[in-house]
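We have chain A; now place chain B onto it with these hints.
Protein chains: 2
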Amino acid sequence: MAEAKYDVLGIGNAIFDVLVQTDEKFLADHGMTKGGMALIDETRAAAIYRDMGPATEMSGGSAANTIVGVASLGARAAYVGKVKDDQIGRLYSHDIRAAGVALETKPATAGPATGCSYILVTGDGERTMNTYLGAAQDLTPADIDAAQIASAKIVYLEGYLWDPSSAKDAFVKASKIAHGAGRQVALTLSDAFCVDRYRGEFVDLMRNGTVDLIFANESELHSLYQTSDFDTALKQLKQDVKLGVVTRSEKGCVVASSDGVTAVPAFPISQLVDTTGAGDLFAAGFLFGLVRNAGYENAGLLGALAAAEVIQHIGARPKVSLKELAKKHGLPV
Amino acid sequence: MAEAKYDVLGIGNAIFDVLVQTDEKFLADHGMTKGGMALIDETRAAAIYRDMGPATEMSGGSAANTIVGVASLGARAAYVGKVKDDQIGRLYSHDIRAAGVALETKPATAGPATGCSYILVTGDGERTMNTYLGAAQDLTPADIDAAQIASAKIVYLEGYLWDPSSAKDAFVKASKIAHGAGRQVALTLSDAFCVDRYRGEFVDLMRNGTVDLIFANESELHSLYQTSDFDTALKQLKQDVKLGVVTRSEKGCVVASSDGVTAVPAFPISQLVDTTGAGDLFAAGFLFGLVRNAGYENAGLLGALAAAEVIQHIGARPKVSLKELAKKHGLPV
Numbered sequence: 539m540a541e542a543k544y545d546v547l548g549i550g551n552a553i554f555d556v557l558v559q560t561d562e563k564f565l566a567d568h569g570m571t572k573g574g575m576a577l578i579d580e581t582r583a584a585a586i587y588r589d590m591g592p593a594t595e596m597s598g599g600s601a602a603n604t605i606v607g608v609a610s611l612g613a614r615a616a617y618v619g620k621v622k623d624d625q626i627g628r629l630y631s632h633d634i635r636a637a638g639v640a641l642e643t644k645p646a647t648a649g650p651a652t653g654c655s656y657i658l659v660t661g662d663g664e665r666t667m668n669t670y671l672g673a674a675q676d677l678t679p680a681d682i683d684a685a686q687i688a689s690a691k692i693v694y695l696e697g698y699l700w701d702p703s704s705a706k707d708a709f710v711k712a713s714k715i716a717h718g719a720g721r722q723v724a725l726t727l728s729d730a731f732c733v734d735r736y737r738g739e740f741v742d743l744m745r746n747g748t749v750d751l752i753f754a755n756e757s758e759l760h761s762l763y764q765t766s767d768f769d770t771a772l773k774q775l776k777q778d779v780k781l782g783v784v785t786r787s788e789k790g791c792v793v794a795s796s797d798g799v800t801a802v803p804a805f806p807i808s809q810l811v812d813t814t815g816a817g818d819l820f821a822a823g824f825l826f827g828l829v830r831n832a833g834y835e836n837a838g839l840l841g842a843l844a845a846a847e848v849i850q851h852i853g854a855r856p857k858v859s860l861k862e863l864a865k866k867h868g869l870p871v
Numbered sequence: 539m540a541e542a543k544y545d546v547l548g549i550g551n552a553i554f555d556v557l558v559q560t561d562e563k564f565l566a567d568h569g570m571t572k573g574g575m576a577l578i579d580e581t582r583a584a585a586i587y588r589d590m591g592p593a594t595e596m597s598g599g600s601a602a603n604t605i606v607g608v609a610s611l612g613a614r615a616a617y618v619g620k621v622k623d624d625q626i627g628r629l630y631s632h633d634i635r636a637a638g639v640a641l642e643t644k645p646a647t648a649g650p651a652t653g654c655s656y657i658l659v660t661g662d663g664e665r666t667m668n669t670y671l672g673a674a675q676d677l678t679p680a681d682i683d684a685a686q687i688a689s690a691k692i693v694y695l696e697g698y699l700w701d702p703s704s705a706k707d708a709f710v711k712a713s714k715i716a717h718g719a720g721r722q723v724a725l726t727l728s729d730a731f732c733v734d735r736y737r738g739e740f741v742d743l744m745r746n747g748t749v750d751l752i753f754a755n756e757s758e759l760h761s762l763y764q765t766s767d768f769d770t771a772l773k774q775l776k777q778d779v780k781l782g783v784v785t786r787s788e789k790g791c792v793v794a795s796s797d798g799v800t801a802v803p804a805f806p807i808s809q810l811v812d813t814t815g816a817g818d819l820f821a822a823g824f825l826f827g828l829v830r831n832a833g834y835e836n837a838g839l840l841g842a843l844a845a846a847e848v849i850q851h852i853g854a855r856p857k858v859s860l861k862e863l864a865k866k867h868g869l870p871v
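Protein sequence lines, in the order shown, are assigned to chains A and B.
Using this note's numbering, the letters of the first sequence map in sequence onto residues 539 to 871.
Using this note's numbering, the letters of the second sequence map in sequence onto residues 539 to 871.
In short, the hints are calculated from the structure, not lab data.
What the simulated footprint calls covered on chain A by chain B, stretch by stretch (three residues with Cβ under 8 Å from a Cβ of chain B suffice, anywhere in the stretch; the number is not a length):
#1 595-606
#2 620-627
#3 630-642
#4 848-858
Quick reminder that beta carbons are idealized off the backbone N, C-alpha and C, glycines included.
One chain only, chain A, in its complex shape:
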C-alpha cells in the first residue's frame, strides 16, 4: 500500500450556514420539524429567509465540518465538495483552505448558486436546518480524482450525499477506489429523516461492504432498523458493519465492533449554546483517533472533546485549536 498523503478525505454537500437565534414559535409558524434537516427549494428558501432575523454566516456542510475538525486536531485532511464560483462559494473555499484542508474540487461556473442552510437555533441550543442544496447538486463522479482518493487513509462520506441526484454515484466510485487501494471507508448516517429516505440503500452499503465504519446517533440508528429498542438496533448494527459508532448526546457514545462493545462518556460542558456540528465534530475526533491508532476509547474521548467544544458556541466549526485542546486534556495527538 502506497504511503498515504492524507489521513482523512471527506466528501459531502458544500453548504454555507446562515445561522439565526430564534424561538419555538418561528419553527411552528413555518412548519419546521425541530432538530431535523429539511431540504428546501429556492422558493421556500426565499420565504424562510424573508422572515428570519439578522443572521451570522459561516461555512458549514456536515462532512466539511468534520474534515476541518480533523485538520484542527493536526491530521492531514482533504475535502471534495461542490460550490459555485460566486461570492459565497469563494468565502466557502477560502474558509476550508484557511483551516488547512486541501480542496481541489472545481467550482461550478453555471447552474444554481452555492448551497445554503438556514439554521434556526432555539434557546435550548437545538438547531433546525433548512437546506437549499444549490451547486452541491452538481457533484458528480467526474469530481472524484482516483489518485487523490487512493491517497487517503480513510474516506469519509455523508449520508446527505444521497439527496443530490448524482452524488451517490460519486460516493460509490470513491468507495471502490478507496477499497482498491486498501483504504477504509466511513459513512455518517447524517440525519434520521435522511435515513428514512434511504434506509434500504444505507443497509445495503453496510452489508455489501461499501462502507467499513458507520457513524450514527441514536435516532438515526433507531430509524435505520425501525426499532425503538437501542440494544436491538445496536446488535443489528454490529452484524451489518465492521465498526459502528453510535453517539448518545450527554450519555456519550458506544463503539461496536467484532471485539465487543465499548462505552465512552461525553465530555462535561459549562453551557449548551448551539448543537450545530455536534455529530460532525464527534466524527472528527473519532476518525483522528483511528488514524493515530489511539484505540476506540481514546478515539471516543477525542470525539467527545471535539463535540463539546463546538456545542458551546454558535457555529459548526471549532473556534480553538482542537490539537491544543486535546493536549490540555491529556488525550493523544
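Coordinates of chain B only, in the frame set by chain A:
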C-alpha cells in the same frame, strides 16, 4: 414641525464584516496598525484575505450598527447606505431590514462589489479593520430622499463618509434638509486616522453648524485638536459644537454642552471578547436616550449598556434585545 416618522436615520458606508480571530504577529506581518481602520484596494483585500484564517461573516458598517442598536432599543430607525445587488449585498439588506430598520437605498447594479471589512480580532479583544469600500463608494446625493431625511428626529452621519468621493456631498445635502425641517444632525468622528485625513473639514462642519452633536472617542478627540491633553481638547470641543460626547473606554463617557460637563461611568463587563462596534453601540444608546428625552446621564448610561453588550461577543451588532436589557437594568425605554 411635522410629526417625525423616524427617531434616528443613519447614513454610512454599508460594509459586510469578515471577522477572524488572530494574533499580533499577523498584524505585524501584514503591516497593520492595531486598533485602526485602514482603507484597502481590491489587490490588498485579496492579499489579506488569502492569508486570513477561517472567518465568520455578518453585516456591519459603523452607522448601520448604530441604527440597528437604536432599533433594538425600540426606536423607529432608518438607514441610507449603498450595497451592490450581489449575494453579499442581499445578505446585508436582509440583515438590516430583519433588525427592524427601514432601508430604501437602491443597490448598485454595476461597479464594484458590496464593500467588505476584514476585521482581525486579537486575543485582547482589540479589532483592526481593513476596509474595501466597494459599492459604498457609489453613494451620492441622488440617494438622499428629502422627504425621508426630513421625517427623522435625528440624522446620524459617520465620518467615514468622507472617504468615498461623493458621499460627503450626500452628507451635506442631508444635513441641510434636516436643519430645514428643524431636525438635529449628529456626526461620529469614526476613527483617529479618519480624523487625521479630514481634520479641517470636520472642524468646519462643527463651526459652521452643519452638525449639532459630535461623538468621539479620546484618540479621535486628541487627533481632532492635535493635543494630548484631554481637558484642552474637551474645552475646545465645547466651544465648537452644541453637544459633544466623548467615550473613554472603561472610564465611561463625558457629555459636554452649554449646560456644563457630565461624566457617566462605563458598564461593568465579565469578559472583553471583541471591541468591534463598541463606539457604534454607545452612539445607539445615547441617541436613543436623546430621542426619549431621558437626559444626558441616562443617555450616557444607555450608551454604556449597549456598548457593554456588544464587546462581550464577536461581531458589531447586539445579540439580544437591547430594549429588554435596558429594562432589566432599570433604564428608561
